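*Asks:* Sequence:
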Amino acid sequence: MASLGREIGRIAVTGASGFIGRRLVRHLESNGCTVSPWSRPQTDLLDARSVARAIERDQPDTIFHLAATGVSASQAHDATVIGCDVAMVANLIAAAPSGTRILLAGSMSEYGRAGRLIETDRCMPSTAYGIAKLASGRYALAYGPKYGLDIAVLRLFGVYGPGEAPNRLFTALIEALDAGRPVDLSDGTQRRDFVHVDDVCATMMHLAGIVDLGSDPVINIGTGQSVCIRDVATWIADSVGAPHDLLRFGARPRSPGDEALLEANVARLTRLAGSVPPQRLSRGLSSNLLREGADSYLPLPNRSGSFSRNQATVSATPSSKDT
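The sequence shown begins at 0 in numbering that gives the first Met the number 0 and counts up one residue at a time.
No lab work stands behind these hints, which were simulated from the structure alone.
Since we're looking at a predicted model, the values are computed, not measured.
We put the beta carbon where it would ideally sit given N, CA and C, even for glycine.
All clues given are correct.
Label pairs and their calculated CB-CB ranges:
hint, residue 1, residue 2, range
1, A78, A47, 19 to 29 angstroms
2, R282, A141, 41 to 51 angstroms
3, R25, A113, 32 to 42 angstroms
4, M123, R52, 32 to 42 angstroms
5, L245, S125, 25 to 35 angstroms
Assemble the whole structure, with the sequences as input and the hints as a guide.
*Replies:* Here it is as structure tokens:
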């Protein structure tokens, strides 16, 4: 396991009003960290002067970069989306002082193919979102070290949990099934590595405190265990007491790029962090894992390491799971 104990100091979180950002800020604050949540209009990452002012004001030692341009189906190959995401990263790198650690939220969409995906795989993303994430990460890894910055790209797999957008699978299922409405689905045989947002946040915090993330700090964040969407939909129906016949499997075609299997190879994460997030989806799951307002907040999971509430430091002894 990698050595721990790096002081993460003052922290800034971009995209702090988003799904993962809100949850991460909550985790950090509950662990006694000094956090500056950055979101528009107060901090516009596309405006270099706005970014420079925010960094001068808050003087973060660690930046979690979660902000990204939303991509609709009609923008599947929009170069503007890609350019905006790279520009945000470029502005952060230009303004951050030497020694700052920047952890970027990447995506499984960067790979652009099915399988058990490892960080060294060739990336061939097929969507603007995946291309933008890949381009942003590569820009940061290429230019950040030239300015003395410590860069890591965290490729997130199927993040779910409270606060997820209403058009996302789990939220849409719960809302429809709670109301007794049928849900049109694809065949549901796809397998995904779903990871709870609280486990994602705990893992990101843990990685922020590791002294040396290695020579190629691109890290998958998943459970390493895929589950079948058909099974998950059935478990959600059970958790809210809805009949299975409301789940209309095969009523709609798969979307383009809807791969049969997307699962994280988590060997690198295991080596660095000593553990990976648990796969919390199983028969008998509680719908509280998914509902906004439910207190599914989870502490750092199953680790000997802990955040110091006073020094905002991660420390651990070798022992032994992630998002």
